[in-house]
Amino acid sequence: MLERVGISLEDTLLEKFDRLIERRGYENRSEAIRDLIRDQLVQEDWSERGHDTGEKVAVVSIVYDTTPEPVAEAHAHPARAPPRGGVVAPRPPRRPPLP
-5 MLERVGISLE DTLLEKFDRL IERRGYENRS EAIRDLIRDQ LVQEDWSERG HDTGEKVAVV
55 SIVYDTTPEP VAEAHAHPAR APPRGGVVAP RPPRRPPLP
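In our numbering, the protein residues as written are -5 to 93.
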């Protein structure tokens, strides 16, 4: 069930809010306000639980050995060896030559 509420805002704040609504593609002010309230409640919930609310960034890298020689031979050549702690995925088995 939705409850109707009223708020008072300065003209400049409302203009900035309307630009935000347009940039984010909200249908109307009510939708934007509901979304902002939900975001704030989640932030507070995480803060109360002791979680860090800072932004996190992660990178996942996959190194695949594309040389025709088996992985064991690639390790014998330092220039083609994976970085320390890295993983080189094994190549699929070679197909026999066509007759």
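Derived by calculation from the structure, the hints in this document are not laboratory data.
Positions of the beta carbon are idealized from the N, C-alpha and C atoms, including for glycine.
Treat the hints loosely; a few may be bogus.
So the derived label-pair ranges between C-beta atoms look like this [claimed, not checked]:
id	residue 1	residue 2	range
1	GLU9	ALA52	33 to 39 Å
2	ALA52	ARG(-2)	41 to 47 Å
3	GLU42	ARG13	57 to 63 Å
The list that follows gives simulated cross-link-like pairs (lysine to aspartate or glutamate, EDC-like), each with its CA atoms no further than 20 Å apart [said to hold, decoys possible]:
id	residue 1	residue 2
4	LYS10	GLU21
5	LYS10	ASP33
6	LYS50	ASP39
7	LYS50	GLU25
8	LYS10	GLU25
9	LYS10	ASP29
10	LYS10	GLU(-3)
Against the structure, the hints come out as follows:
1. The supplied range of 33 to 39 Å is met by GLU9 and ALA52, whose beta-carbon atoms lie about 37 Å from each other.
2. Here the CB-CB span from ALA52 to ARG(-2) is close to 42 Å, well matched to the stated 41 to 47 Å.
3. The hint said 57 to 63 Å for the Cβ distance between GLU42 and ARG13, and at roughly 32 Å that hint is violated.
4. This hinted pair checks out: LYS10 and GLU21 have alpha carbons roughly 16 Å apart, not beyond 20 Å.
5. Distance restraint check for LYS10 and ASP33: the Cα-Cα separation of roughly 18 Å lies within the 20 Å cut-off, and the hinted pair is therefore satisfied.
6. Straight-line distance between C-alpha atoms of LYS50 and ASP39 comes to about 18 Å, which keeps the hinted pair within the 20 Å bound.
7. Simply put, LYS50 and GLU25 have alpha-carbon atoms about 27 Å apart, too far for the 20 Å limit, and the pair is violated.
8. A threshold of 20 Å between alpha carbons decides the hint, and for LYS10 with GLU25 the separation of about 16 Å falls inside it, so the pair holds.
9. Between LYS10 and ASP29 the alpha-carbon distance is near 16 Å, which keeps this suggested pair within the 20 Å criterion.
10. Using a Cα cut-off of 20 Å, the hinted pair LYS10 and GLU(-3) is violated, with the two alpha carbons roughly 25 Å apart.
Hints 3, 7, 10 from the list above are not met by this structure, while the remaining hints are.
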